[in-house]
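Visitor: So the chains spell out like this:
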Amino acid sequence: MFSACADPSSLDGLAWLGCYLTTGKHIDFYWSFLTVLVLLAVTAPVALAFGFGGAMAARSPVLPLRLVGKGYAAMVRGIPDIVFFLFFVIALDQGLEWMLHQARCPDWTDPIRQGLEFRVCPEAKIPSGNAAQIWHRLYGFGLAVVTFAIVFGAFAANVLYGAMQAVPKAQLETGESFGMSQRQVFHRILVPQMWVYALPGLSNLWMILIKATPLLFLLGVQDIVYWARELGGSKTSAFDYPHPDWRLYYFLGLLVFYLCMTRASEIVLGRLTQRLTRGQATLAGNARRKAA
Amino acid sequence: MTRLVIAAAVLALSTGLAAAQTVRMGTEGAYPPYNFINDAGEVDGFERELGDELCTRAGLTCEWVTTDWDSIIPNLQSGNYDTIIAGMSITEERGKVIDFTQNYIPPAASAYAALSPDADLKGGVIAAQVGTIQAGFVAESGATLLEFATPDETVAAVRNGEADAVFADKDYLAPIVAESGGELSFAGTDIQLGGGVGMGLRKSDTELKAKFDAAIQSMKDDGTLNAMILKWFGAEATTF
Numbered sequence: 008m009f010s011a012c013a014d015p016s017s018l019d020g021l022a023w024l025g026c027y028l029t030t031g032k033h034i035d036f037y038w039s040f041l042t043v044l045v046l047l048a049v050t051a052p053v054a055l056a057f058g059f060g061g062a063m064a065a066r067s068p069v070l071p072l073r074l075v076g077k078g079y080a081a082m083v084r085g086i087p088d089i090v091f092f093l094f095f096v097i098a099l100d101q102g103l104e105w106m107l108h109q110a111r112c113p114d115w116t117d118p119i120r121q122g123l124e125f126r127v128c129p130e131a132k133i134p135s136g137n138a139a140q141i142w143h144r145l146y147g148f149g150l151a152v153v154t155f156a157i158v159f160g161a162f163a164a165n166v167l168y169g170a171m172q173a174v175p176k177a178q179l180e181t182g183e184s185f186g187m188s189q190r191q192v193f194h195r196i197l198v199p200q201m202w203v204y205a206l207p208g209l210s211n212l213w214m215i216l217i218k219a220t221p222l223l224f225l226l227g228v229q230d231i232v233y234w235a236r237e238l239g240g241s242k243t244s245a246f247d248y249p250h251p252d253w254r255l256y257y258f259l260g261l262l263v264f265y266l267c268m269t270r271a272s273e274i275v276l277g278r279l280t281q282r283l284t285r286g287q288a289t290l291a292g293n294a295r296r297k298a299a
Numbered sequence: 288m289t290r291l292v293i294a295a296a297v298l299a300l301s302t303g304l305a306a307a308q309t310v311r312m313g314t315e316g317a318y319p320p321y322n323f324i325n326d327a328g329e330v331d332g333f334e335r336e337l338g339d340e341l342c343t344r345a346g347l348t349c350e351w352v353t354t355d356w357d358s359i360i361p362n363l364q365s366g367n368y369d370t371i372i373a374g375m376s377i378t379e380e381r382g383k384v385i386d387f388t389q390n391y392i393p394p395a396a397s398a399y400a401a402l403s404p405d406a407d408l409k410g411g412v413i414a415a416q417v418g419t420i421q422a423g424f425v426a427e428s429g430a431t432l433l434e435f436a437t438p439d440e441t442v443a444a445v446r447n448g449e450a451d452a453v454f455a456d457k458d459y460l461a462p463i464v465a466e467s468g469g470e471l472s473f474a475g476t477d478i479q480l481g482g483g484v485g486m487g488l489r490k491s492d493t494e495l496k497a498k499f500d501a502a503i504q505s506m507k508d509d510g511t512l513n514a515m516i517l518k519w520f521g522a523e524a525t526t527f
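First to last, the protein sequences are chains H and U. If you're matching positions, the first sequence starts at 8 in this note's numbering and goes up one per residue. If you're matching positions, the second sequence starts at 288 in this note's numbering and goes up one per residue.
Bound conformation, chain U alone (with noise of 0.2 Å):
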């Protein structure tokens, strides 16, 4: 009876495969103002409306997923879904996995926070987000590195007290900074790392890869790119 209904259920999920491809976005949802869950639940932000844009353009049908950062990329390998818009660095380490379109956000600065300006960032404690360009870099450094899942738990724990600063993209933190009353403030230098924020694929989904990239390239010959980056990231923001 059991197997009956399994088959059925299979059966039925599998079937109905007509039509265009559906292609699956996968991104994170809790790294704002890049991708998070708006009020109403649905994935918003600067890789949302980027991803959007991207697909008309293509002439793609998307749906948008969230997943854990920590699997992210397992996830596109073992096609849970087709892409990753998720803020994403360009790294060479990240390169031997998996495929990047051209960048769509140019090589932007990381910076640190911390509840003074003069924490101790070479000795000290810092928190970064698992995997992220940012905790390799703390790694080398010779701080101690704190990791957490999500980029929301590594800022609470320097404003608890359990870090000395947080180190992450600077556009992730700034309208936290901001926000925050005098409580935070940048600290040292700002570094930069990483070639740029692209879309991840399978290495196998060349065909797709190349839809995307040239979607990206029309979108920076008209502008539009640039335009997006200044309105969700700011007038400071780097552009092309």
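Chain H extracted, bound-state conformation (with noise of 0.2 Å):
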């Protein structure tokens, strides 16, 4: 990167480190922190929508409804998520190809499914097969972000649902006998004070979802766990920069990284909670209500 790294085997000590830790490997290893902050950044709030939608349709009077969202969170619950993840991320990617497929090449004579291969005509690829190496990278990460919306998102939707049950009922009630209508009631009294009820397991399933991001090596996405183990470990001549199994050190640091990260969700968590029991009639309400 820099011209007095031209020739590394002439330097040592800090120059030396200095140089391997501004390669263009390491670079990459850098933006795939950035990876991992926004896969957090997109999962959350669609994660959240999901489960919001999923504990609407369990409370719902309408039965058929009220199942689709009680299976939803009721399988993907029960499922372990690694079997998950590598189930849907591939059956997400030949489910489309197969749409695209059916769309836009009505005429293919060959079976889809040769044997253990999966070929779909060329212009039903996603991406396409001529398209640039980034777009199957943004394809991939885009598959991994569903896929962790839809596993996080049932179990947002069993927080929601809970959350939205501890509401007391005679608030419900009032609202009604002063002539709201369910919707109202729902919008004006239930969703303002359900948070406070779903804040810890929600909190607790973010904490969850910082843990889970790792996972996203599985997929094939290169995140910060995969450029730890391919820096880390042993490096022969072959590489401009010899040196040991350093695994060690790199997993260390994705430990601080993480630790960082569960301190920082902490403080802000904190400031959220105390921000949502103002005015609730909750022990946490009571209590702020009586220091004022």
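Hints in this document: simulated from the structure, not taken from any laboratory. The C-beta atom is built at its ideal place from N, Cα and C for all residues, glycine as well. It cannot be assumed that every hint is accurate.
As the list claims (entries may be wrong) - To give a feel for the contact side, a few chain U residues facing chain H, derived at Cβ under 8 Å:
id	residue
1	Arg344
2	Leu347
3	Glu350
4	Thr354
5	Gly366
6	Ile377
7	Arg381
8	Val384
9	Asp439
10	Ala443
11	Pro462
12	Ile463
13	Glu466
14	Lys490
15	Thr493
As the list claims (entries may be wrong) - Cβ pair distances, simulated, as ranges:
id	chain 1	residue 1	chain 2	residue 2	range
16	H	Cys112	U	Gln479	44 to 52 Å
17	H	Val275	U	Thr348	44 to 52 Å
18	U	Ala426	H	Gly169	35 to 43 Å
19	H	Trp23	U	Thr526	31 to 39 Å
Bring the two chains, given one by one in their own frames, into a single complex with the hints.
Guide: Listed below in structure tokens is the structure:
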């Protein structure tokens, strides 16, 4: 990267380390931290939306909708995460390609499944075979986000369902006696009050989501775990910077990163709890009212 | 809304199908000197140089993709890339699920590396990479097989005493043993396995296979392949 690093074998000590830590491969490693943060930033709201939808469906007076909502939560919660991750990414990918194949290549006569092969026409490939590598990466990342959102959405649905049930019935009935419709009661009374009940469960989920990000590695996304293993492995002189097995140090770095993420989350979630308990008829809310 | 975004993304990704088809070359990127990711973060090694040359000769545009060794065959079959060029030995068992081009590395020796030359190779614990011909060989040899996902981990297992020896391609182990400063050494005798290394392709891709077969043949004929093998694997490497 720097001109001083042109001949790594002549360097030693700090200069060597400085050059080593700024190789193209290390820059990729640093970017992959951003990959993880982006995954968290995108997945959390999407999963929350899935959860909200699931919880609303589970409370619906319409039976089929109720079954869908409860079935969704029960199914995802009952299946091990890893199984779901491995299954869903393949199923989603092949499902999308199969649909595009039906739409774009009606004249295609070869079978799609030939033995173990899954072969759609070239026009139906996502992304297309000619697309730059970045699109393949983004597509893989997108599949991962959707899968994460579905899995964590189910847990969120369960938490939100419980939170909605926890809002005192008398409050809702009061709303109705003021002449509000079901919709209005839901929007004006139920939803604003349920967050305080949902927060402990949701903050727990958020922590689990942070810890689950290394699953990206399983899905073939080059995340921090991938790079830590790749960079830490012992390197022979085929590489510019030969070194023995340094995986311990790289994984130690990841450990610190995840602990910092946890600490930062705890601080933010603590503040959020403070805000949400204001004026609520809960223990924490009462404590605040008395203190004021 | 979400559905709209997805639909738009799918459209954006799948348009722009014009011009020549790009051939996506799948490799592991963790098996120096065959293939590895160099310090600039790019695929490098014998197979990178060979693959680029083959693509030029066959008139193809090629792009390099890395994937885990574990899932390298399933990913080929589901179309994530079009070829496997990852030091994969041609075996009858693999030949049942994918097609191979003719070999571009002649049948080469596999070897044991251990902390001492008299390690127990028959009854001890032997490390090998999962899904390799070496792993299959160890399983049948009577020794206890200890499998790892990456080649690097198999060597690390010997260094930290978890395994008595590692069994892998000699070309992979040679630089590691040479640079270990006497810590590691070869043990037992070399063993010939497999029918050389070739490129793996889907069984339905007969046209592409013919192109690569012809390109490999032309490199064998004019001697460039032998020169490339000597460059990457050293003067003692077996050539055609």
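Visitor: For every hint, state whether the structure bears it out.
Guide: Taking the hints in turn, this is what the structure says about them:
no.	hint	result
1	Arg344	violated (20 Å)
2	Leu347	violated (12 Å)
3	Glu350	holds (6 Å)
4	Thr354	holds (7 Å)
5	Gly366	holds (6 Å)
6	Ile377	violated (18 Å)
7	Arg381	violated (12 Å)
8	Val384	holds (6 Å)
9	Asp439	holds (4 Å)
10	Ala443	holds (5 Å)
11	Pro462	holds (4 Å)
12	Ile463	holds (6 Å)
13	Glu466	holds (5 Å)
14	Lys490	holds (7 Å)
15	Thr493	violated (12 Å)
16	H:Cys112 to U:Gln479: 44 to 52 Å	holds (46 Å)
17	H:Val275 to U:Thr348: 44 to 52 Å	holds (48 Å)
18	U:Ala426 to H:Gly169: 35 to 43 Å	violated (50 Å)
19	H:Trp23 to U:Thr526: 31 to 39 Å	holds (36 Å)
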